[in-house]
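Starting from the given sequences, assemble the full structure and let the hints guide the process.
If you're matching them up, the sequences are chains A and B in order.
Here this note's numbering is used: the first residue of the first sequence is 1, the next is one more, and so on.
Here this note's numbering is used: the first residue of the second sequence is 1001, the next is one more, and so on.
Check before you lean on any hint, since a few could be wrong.
[Unchecked claim] Derived lysine-lysine pairs resembling DSS-like cross-links, with alpha carbons at most 30 angstroms apart: (1) B:K1106 with B:K1123; (2) B:K1106 with A:K22; (3) A:K55 with A:K30; (4) B:K1142 with A:K55.
[Said to hold, decoys possible] In silico negatives: residues of chain A with every beta carbon more than 10 angstroms from chain B: (5) F6; (6) S15; (7) G23; (8) T42; (9) E47; (10) P71; (11) I129; (12) P133; (13) Q135; (14) Y151; (15) L163; (16) G210; (17) N211; (18) D227.
Please keep in mind that the hints were generated in silico from the structure rather than gathered at the bench.
For clarity, every value in this text was computed on a predicted model and none was experimentally measured.
Beta carbons: idealized from backbone N, C-alpha and C, even for Gly.
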Amino acid sequence: MLALNFNNFGGGIVSLKDYQSKGLCVLNGKIIVDPSLPAYITANRLELDLPSDFKMCKSAMSTAILVSNAPLYRDGTILHCWIENNKLCIEKVTLWDSYGNYEIHINSAFVTRGYRGGFSSISNSRPSIINPPDQFSFGSRVYLETDDYVYFSAIFFSFPYNLNDGQGPFTMQLSGIATDFNVEIPIIVTDYNSRFMTGSKLVVGTFENGNLIFNYQQDTSPMGGGDAFFNFFAVRDKTNSI
Amino acid sequence: MKILPSIAFNDFSGSAGNVTARKVGDNTYLSTRTKHSKKKTTYQATTRCQFADTVRGYSKITEEQRQGWISLAKNLGTYHTSTGKNSITGPNLFVAINSYRKICGKPQTAVAPTELKPSGYVKFDDFWLSPEHIVFTGLEEKENPNEVLYIEMYPTQSPAESRCWDKTVLVAICPTTDWGDIDLTSAFLEKFGAPLTIGQKVFIKICWLDSECGYIRNYSLIAMAARETSIERNVPYFPRAKITTDQINNNNEAYLIDHYDVELSSWPKINSNEIVISHEAANLSLFEFGVDVQTNLKDSGFTLQFARDANSYHICLTECNIQTKYDSRISFHNRTFHTFLERTEFFGTYPFFYTF
Chain A
1 MLALNFNNFG GGIVSLKDYQ SKGLCVLNGK IIVDPSLPAY ITANRLELDL
51 PSDFKMCKSA MSTAILVSNA PLYRDGTILH CWIENNKLCI EKVTLWDSYG
101 NYEIHINSAF VTRGYRGGFS SISNSRPSII NPPDQFSFGS RVYLETDDYV
151 YFSAIFFSFP YNLNDGQGPF TMQLSGIATD FNVEIPIIVT DYNSRFMTGS
201 KLVVGTFENG NLIFNYQQDT SPMGGGDAFF NFFAVRDKTN SI
Chain B
1001 MKILPSIAFN DFSGSAGNVT ARKVGDNTYL STRTKHSKKK TTYQATTRCQ
1051 FADTVRGYSK ITEEQRQGWI SLAKNLGTYH TSTGKNSITG PNLFVAINSY
1101 RKICGKPQTA VAPTELKPSG YVKFDDFWLS PEHIVFTGLE EKENPNEVLY
1151 IEMYPTQSPA ESRCWDKTVL VAICPTTDWG DIDLTSAFLE KFGAPLTIGQ
1201 KVFIKICWLD SECGYIRNYS LIAMAARETS IERNVPYFPR AKITTDQINN
1251 NNEAYLIDHY DVELSSWPKI NSNEIVISHE AANLSLFEFG VDVQTNLKDS
1301 GFTLQFARDA NSYHICLTEC NIQTKYDSRI SFHNRTFHTF LERTEFFGTY
1351 PFFYTF
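Below you can see the structure in the form of structure tokens.
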């Protein structure tokens, strides 16, 4: 577990799960941002100091997800996120500042470039859903499992739709995936009718013991249904170091 | 300036015409003005002009500033140049430091620095020195933002030449590396006019130089004959697996590839990318375009990755197919029902899965 003690936006200490190697790092965690702080207002981008012994001082471009505090939908978007000069840097988007504190979720891999070694193919194992197919079913999914982390991306053909299925909580039970990663992930649950809104509708779910648990904030405005999706890297717990 | 010992004028000093006499200790020396005998190239003319400017600069600084340089030179003891250790005077130290600063694009400094940060050795993973490629890879990240890579080279003209460390000339100053890579092929051709031949010996001095300080002290020395394989792994040159904007052949007028930067890294095979596609026609769900067949990324696979509409900030999930192993085609399929609007940004780091 990494503790990031210093940042340029006035935030508190941030804890991130981590897997580190020279060419690839995976980070998991949540950053709370207070947009009313003077340090945040003057910052052009958000920067968090990484520990001096962090194995990567510079990375290629990666992503984070902004989850706002906007009512009903917690709208948000993906952000550019990368490592530079031993700092974790995140694009600053101010669209939802007026709604107060927002969250930035980092469930991403960071790589260096300049690689000239060989490549091995990645096997795409295919997790299965145990729930009835009318509640959850995959449209497309890719899943990668290594000893240290997993990567999982999926878009759903069937997914709970709050106007029909209520607020939840919902549990998607899976087989064929690791059970030793615990991570909070934003799920993009924008429905077709909201295509012209700013940002995407989001809910934050949790992967625990290989199952995904989440609930909608309310059940009177449309969220979810088919075409919900997620995309994340997660550190497996056995690699965590205190 | 050519200096001649003289026995004719024991107590004479001063100038007459092109002759200057000066007394040093018990001896009097006559000096004559000389001209560069060799033919002037543009580079030589520029270098001499810059050197003359730097020398003249010393005459324009204040006495207090001169004393600063003299004091620094005394404290230095010996000064390390690319030709070895020497004791150095204040004026010469001023010229040396400011010459290297000028090479690095820095203005002349009148004030002697409080300390001289010496140049440092260079570590790298591998090096190709061949007729087609002069490339360092895996150069370590610089710790000091002022540091630049300073590279001198000399290709021998005959097999009999040896120990040519005093013949090396500046080939390149590199403020940054490309993820640890430095490609000197073009700079070498520009400097020496002809590519290397296999077996031709080359003397190379390379160091990390603090461009603010301009003090060359430590440098790595490489003397080797040009060959087809690399110095460390002994493998033929092979490029990084990447595709950039200039390798995209897009014939579809419906959209414009503003930026394309994709590279594969390590195991598991990871694709890091930053791509921007603009399109006047909204409601597109597929971008497809060609790639230069000479691309260095020869592969067949896909990523499932995020995309963001630049105006609405909508998040899409996109399947990016790279088919450059047997074909030369890339496509982006929007897997969500949100169509791509006017400008779409694809970015992030995702595993690259094979398709067959």
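Hint check results:
Among the hinted pairs, K1106 of chain B with K1123 of chain B is consistent with the structure: their alpha-carbon atoms are about 25 angstroms apart, no more than 30 angstroms. With a CA separation close to 34 angstroms, the supplied pair K1106 of chain B and K22 of chain A exceeds the 30 angstroms bound. For a cut-off of 30 angstroms, the pair hint linking K55 of chain A to K30 of chain A stands: about 21 angstroms separates their Cα positions. Distance hint between K1142 of chain B and K55 of chain A is fulfilled; the C-alpha atoms sit about 15 angstroms from each other, no more than 30 angstroms.
Every CB of chain B is more than 10 angstroms from the CB of F6 of chain A (nearest about 19 angstroms), matching its label as outside the interface. Distance to chain B confirms S15 of chain A as a non-interface residue, since its nearest Cβ pair spans about 22 angstroms, more than 10 angstroms. Not every C-beta of chain B lies more than 10 angstroms from that of G23 of chain A, the closest at about 4 angstroms, which undercuts listing it as non-interface. At roughly 22 angstroms from the closest C-beta of chain B, the C-beta of T42 of chain A stays outside 10 angstroms, upholding its exclusion from the interface.
Distance check on E47 of chain A: its Cβ is at least 16 angstroms (rounded) from any Cβ of chain B, clearing the 10 angstroms threshold; non-interface status holds. For P71 of chain A, the shortest C-beta to C-beta distance to chain B comes to about 17 angstroms, beyond the 10 angstroms cut-off, and the non-interface label holds. Distance check for I129 of chain A against chain B: the nearest CB is about 17 angstroms away, which clears 10 angstroms, and the non-interface claim stands. Under the 10 angstroms C-beta cut-off, the non-interface status given to P133 of chain A relative to chain B holds; the minimum distance is some 19 angstroms.
Every C-beta of chain B lies more than 10 angstroms from that of Q135 of chain A, the closest at about 20 angstroms, which supports listing it as non-interface. Not every CB of chain B is more than 10 angstroms from the CB of Y151 of chain A (nearest about 5 angstroms), against its label as outside the interface. Taking the minimum C-beta to C-beta distance to chain B, about 17 angstroms, the non-interface status of L163 of chain A holds against the 10 angstroms cut. Distance check on G210 of chain A: its Cβ is at least 19 angstroms (rounded) from any Cβ of chain B, clearing the 10 angstroms threshold; non-interface status holds.
The claim that N211 of chain A lies off the interface holds: its Cβ sits roughly 21 angstroms from the closest Cβ of chain B, which is beyond the 10 angstroms cut-off. Some Cβ of chain B comes within 10 angstroms of the Cβ of D227 of chain A; the nearest lies about 5 angstroms off, and the non-interface call is violated.
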